[in-house]
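Participant: Those sequence lines, one after another, are chains C and U. In this text, residue positions in the first sequence follow our numbering: the first is 1, and each later residue adds one. In this text, residue positions in the second sequence follow our numbering: the first is 1, and each later residue adds one.
Hints are supplied without guarantee of correctness; some may be wrong.
Straight-line distance between alpha carbons at most 16 Å, and here's what the computed EDC-like set of lysine to aspartate or glutamate pairs gives [said to hold, decoys possible]:
| id | chain 1 | residue 1 | chain 2 | residue 2 |
| --- | --- | --- | --- | --- |
| 1 | U | 106 | U | 94 |
| 2 | U | 228 | C | 8 |
| 3 | C | 54 | U | 264 |
| 4 | U | 124 | U | 86 |
| 5 | U | 158 | U | 100 |
| 6 | C | 142 | U | 52 |
| 7 | U | 319 | C | 8 |
| 8 | C | 67 | C | 44 |
| 9 | U | 158 | U | 81 |
| 10 | C | 196 | C | 176 |
| 11 | U | 69 | U | 52 |
| 12 | U | 69 | U | 81 |
| 13 | U | 308 | C | 8 |
| 14 | U | 158 | U | 75 |
| 15 | U | 171 | U | 188 |
Per label pair, the in silico range of CB-to-CB distance [said to hold, decoys possible]:
| id | chain 1 | residue 1 | chain 2 | residue 2 | range |
| --- | --- | --- | --- | --- | --- |
| 16 | C | 143 | U | 7 | 15 to 23 Å |
| 17 | U | 317 | C | 56 | 12 to 20 Å |
| 18 | C | 181 | U | 224 | 38 to 46 Å |
| 19 | C | 89 | U | 317 | 48 to 56 Å |
| 20 | C | 181 | U | 380 | 54 to 62 Å |
| 21 | C | 61 | U | 327 | 49 to 57 Å |
| 22 | C | 10 | U | 380 | 53 to 61 Å |
| 23 | C | 89 | U | 327 | 53 to 61 Å |
| 24 | U | 22 | C | 273 | 35 to 43 Å |
| 25 | C | 57 | U | 380 | 15 to 23 Å |
Selected chain C positions facing chain U (in silico; Cβ < 8 Å) [as the list claims (entries may be wrong)]:
| id | residue |
| --- | --- |
| 26 | 11 |
| 27 | 13 |
| 28 | 29 |
| 29 | 112 |
| 30 | 131 |
| 31 | 135 |
No wet-lab data here; the hints were simulated from the structure. The beta carbon of each residue, even a glycine, is placed where N, CA and C say it ideally should be.
The lines below spell out each chain.
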Amino acid sequence: MALPKYTEPHYRIWHYVYLTVCAAVFFFLIAPLFVIFPLSFNAEEFLVFSDGMKSLDPDAFSLRWYKDMIYGTKNPWGLATKNSFIIATFATIGSVILGTVAALGLSSRHMPYKGLIMAVLISPMIVPLIISGVAIFFFMAKAGLAATHLGIILAHIILGTPFVVITVTATLSGFDHSVTRAAASLGSNPVNTFMKITLPLILPGVISGGLFAFVTSFDEVVVVLFLAGLENTTIPIQMWTGLREQLSPTILAVATCLIILSTLILVTAELLRRRSERLRGINR
Amino acid sequence: MSSETKQILTTDGIPLEVSLKKAERRNKIKALMLVAPLLLFIIITYVFPIGDMLMRSVDDKMVTEMLPKTFKAMEKWDGKELPEEEVFAAFHSDFIKLVEEKREGKLSTQLNYTKNGFKSIIKKLRRKSKSFEEGNYKEQIMAVHKRWANVEYWQAIKRRAPAYTGQKYLKGIDMFKNENGEIVNVPEDRRIHRVLWLRTLEIAFFVTLFCFLMAYPIAHLLATLPMKYSNLLMICVLLPFWTSLLVRTASWMILLQQQGLVNDFFVGIGLVADDNRPEMMFNKTGSYVAMTQILLPFMVLPLYSVMKTISPSLMRAGKSLGGTPFIAFWKVYFPLTIPGIGAGCLLVFILAIGYYITPALVGGASGTLISNQIAFHMKSTLDWSFASAMGLMLLTGVLAIYWVYNKLVGIDNIKLG
Numbered sequence: 001m002a003l004p005k006y007t008e009p010h011y012r013i014w015h016y017v018y019l020t021v022c023a024a025v026f027f028f029l030i031a032p033l034f035v036i037f038p039l040s041f042n043a044e045e046f047l048v049f050s051d052g053m054k055s056l057d058p059d060a061f062s063l064r065w066y067k068d069m070i071y072g073t074k075n076p077w078g079l080a081t082k083n084s085f086i087i088a089t090f091a092t093i094g095s096v097i098l099g100t101v102a103a104l105g106l107s108s109r110h111m112p113y114k115g116l117i118m119a120v121l122i123s124p125m126i127v128p129l130i131i132s133g134v135a136i137f138f139f140m141a142k143a144g145l146a147a148t149h150l151g152i153i154l155a156h157i158i159l160g161t162p163f164v165v166i167t168v169t170a171t172l173s174g175f176d177h178s179v180t181r182a183a184a185s186l187g188s189n190p191v192n193t194f195m196k197i198t199l200p201l202i203l204p205g206v207i208s209g210g211l212f213a214f215v216t217s218f219d220e221v222v223v224v225l226f227l228a229g230l231e232n233t234t235i236p237i238q239m240w241t242g243l244r245e246q247l248s249p250t251i252l253a254v255a256t257c258l259i260i261l262s263t264l265i266l267v268t269a270e271l272l273r274r275r276s277e278r279l280r281g282i283n284r
Numbered sequence: 001m002s003s004e005t006k007q008i009l010t011t012d013g014i015p016l017e018v019s020l021k022k023a024e025r026r027n028k029i030k031a032l033m034l035v036a037p038l039l040l041f042i043i044i045t046y047v048f049p050i051g052d053m054l055m056r057s058v059d060d061k062m063v064t065e066m067l068p069k070t071f072k073a074m075e076k077w078d079g080k081e082l083p084e085e086e087v088f089a090a091f092h093s094d095f096i097k098l099v100e101e102k103r104e105g106k107l108s109t110q111l112n113y114t115k116n117g118f119k120s121i122i123k124k125l126r127r128k129s130k131s132f133e134e135g136n137y138k139e140q141i142m143a144v145h146k147r148w149a150n151v152e153y154w155q156a157i158k159r160r161a162p163a164y165t166g167q168k169y170l171k172g173i174d175m176f177k178n179e180n181g182e183i184v185n186v187p188e189d190r191r192i193h194r195v196l197w198l199r200t201l202e203i204a205f206f207v208t209l210f211c212f213l214m215a216y217p218i219a220h221l222l223a224t225l226p227m228k229y230s231n232l233l234m235i236c237v238l239l240p241f242w243t244s245l246l247v248r249t250a251s252w253m254i255l256l257q258q259q260g261l262v263n264d265f266f267v268g269i270g271l272v273a274d275d276n277r278p279e280m281m282f283n284k285t286g287s288y289v290a291m292t293q294i295l296l297p298f299m300v301l302p303l304y305s306v307m308k309t310i311s312p313s314l315m316r317a318g319k320s321l322g323g324t325p326f327i328a329f330w331k332v333y334f335p336l337t338i339p340g341i342g343a344g345c346l347l348v349f350i351l352a353i354g355y356y357i358t359p360a361l362v363g364g365a366s367g368t369l370i371s372n373q374i375a376f377h378m379k380s381t382l383d384w385s386f387a388s389a390m391g392l393m394l395l396t397g398v399l400a401i402y403w404v405y406n407k408l409v410g411i412d413n414i415k416l417g
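Chain U extracted, bound-state conformation:
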């Protein structure tokens, strides 16, 4: 068809189609140029560093570079019985170099991650190695401590040979690669991370549930009240929303302490005895109560904005057609609010799953979440690669939820305030 029609030309003789395309392209470039500064900024300072976390989490070059000769000599070792003199000699020469550079402490920290017990024997080796004689290093090293004569420790060293490793991810779910290269669970009494992941999910789930149960009635009230009343009540939602997180956490610390107002109230109504005030802070209860109150506005606002669009005549129609108010609510009103419920629940869940400050302050040992563990490894143990690995595991979970959110609500439908 189009080939038969005569081409339309613009005044300067260029076909209209070409001219239009050119203009479109110019507009496209203009739009891209406007977005470019922020996009580049975010990519450089934020997206790349997250990629950097990925590199760090699998990077295991440190030990590889500290013991180059040892690992070269170990290539021929089958890893079943104690290695030959050659490996011991190579290890000795690597070790002497590390001692000269004062880096043997780092080596012991790194090896200790793989197997406990390296710290003391490396310290001992450093002291004794000064008086080592040339040759026959195998016996001299084995004489330092009986663990040096234990094949398990040499196997542990060999496991650190590859420059890249997934062991931090395994550690994050309480598993490890054993001597035979099988992936197994760590002993029962040393599993801490799985409990934390489950607790994080549990707390995030229940906080979301509590928020939903509390937000639904008040969002409904706010949406149905006349404007002048609802604006006033809206302040009750918006003021906490705008108030500093730490201020709100501080007020819960005051309320929930043993001599605090909540306990006073329980004693006052005779629920508990004065000398037997329950501990409501520094445990899970503290995390639940404080997080629910802090995240509640994030549930109310999306619910409210959806409920506001539902015409009240729908409920009246439902009732006039013979439904009781409950049936009319359940069959007519509730289904219409589902988009708001989805948005609110996912928003609260995503925020709760990554919570850090409030659990750290009111959660105590039994109320801390996976974020607290990440911060602990970033700031205290300085095992940054493990912190990165756990961060990325958390991020994968959040992105999965986010993807669902996008499918249900659409990313550009996020509403604030």
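So here's chain C without its partners, still in its complex pose:
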């Protein structure tokens, strides 16, 4: 962003003001995440930077909160982690299957009432979570699925499918339908055509939709708060309880792990997006 030599001084100043503002906003966005790292290695119990930490004294740092997270006797993190992964995995599988199949139908040009159906399918993403939570709770309570894994998985499928539907229909919008017709003319049946031709081409969209569904489920707390019993506690529920009662450094250790996880997901999603753009020929 070098300025041309002929730029007048007051525009030059304006330009630097603009860059400073941008830097400040980026700092505001990203800096809060980095407070968590050092404090999770705090040797003391308080959530402030001790004098020892400020002078980088090695004794002021320790792994005790990570040990507490893994081995702590009273800590429910083990159960919560297990539940979170089970629920998120099944919710993702369900969302991806239902969402992809629906997206295939939606992007067919023969689809009637497309706008209306799309609105219904996307509604769980637009309706505030608290309302979804209340509605889903009423349904699960009636169906006898409150405080069960199945109930939470179904709830997360509801919340996750809109993301899959959106990403897969977006991928299919650039899809060349003549390749499936070519496959059909060469004698392939529809299932075979889907598995061998369509799926590999739309796979980036399917996976990134799946990632959204996974993160939605893994990070979801409002609906689970209504649905979960003691046995179904998840990581977000434990964090929520912890943050409400008292902020312990163990929570920061968990938070650090979650940030690492989200970094991994971000990298995967980015790579997929680029691959998808390359495949669909929108390379810039």
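Chain U: place on chain C using the hints.
Facilitator: This is chain U only, laid out in the frame that chain C set:
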């Protein structure tokens, strides 16, 4: 015209038009079959339950079913003075039945929603009713507590007679139906919901505004920088976007606490005295700061995707035609970004208006929103019909905004990441 031309037949002798229609219909059914599983799933588990919320919010059958004889006897009562012995006798017989079924507690909770003061007098009535003698129930009940001799309490009971009611919606905007059936405001000191609705709108509006003011410059920078730099900076937007909401809220709780880094910084630059650190959390400030940072990516991404499509030569053309950079920006660039602004603002506003977790953790009492009130009634007071009513009022607002969004941007133009 068409009747004059000869019909074209396919090889099996069916007119082409018919054959084509048949094929079209088959394709239509095929497409519908693909959508059907998800559509049915969403309708059964999600759309119907929202309809169920509507039923619950107006449903008032509970008291109607608890006091069937009383309400029957009350039909003849004009509701102006204390009812006749007949009503008291009917109430007594309903009440004895409820006590046998151990449901009188529920009745007192329900009646207490209508008028405060029922809890204690129903408890007292239960104790005293054991030693009631046959006949003349009016005097015996009135002797239990002076409130039973107060006509207002009987009017309150009568108000619960209809099986359906809109009173939960009225309560949601701090109004109620009084003894004469007029809709009036609740007393000034007991109005809590209107304040909450206004605060929710206010916080959602300002969070949207702050997000817009912060997102516009960085989205512009991201869209104009060369790819290799902008990809790096994009991480600053996407990493918070993918990070758990609770993690981000936790980091704000650490930063904003009284001994936290933000306060340390203010003390360091001499803005505030060390012994007079301001409270930045558990109030509105906390909600504003944390929600703005959390929702910022939702504003940056739509803005970025619109700005990316604006050719830089347009600005150059504007400048070459004699505009200063500011005029060129204002007259050329800014109008082109309006679709992105609309999308981002509505997205952030819709998300902010329904926010629950962050305000509950950093908002304190003065920074909580309508969602927190809904959760409170779902989990603590268990007044589910009131929670449903408020939820639906919020939903109506959101759908209205959503409708505008659809008109401006189109629902299938939502872009993620």
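Participant: Output the numbers, in ascending order, of every earlier hint that fails for this structure.
Facilitator: 2, 4, 5, 11, 12, 13, 16, 17, 25 and 27
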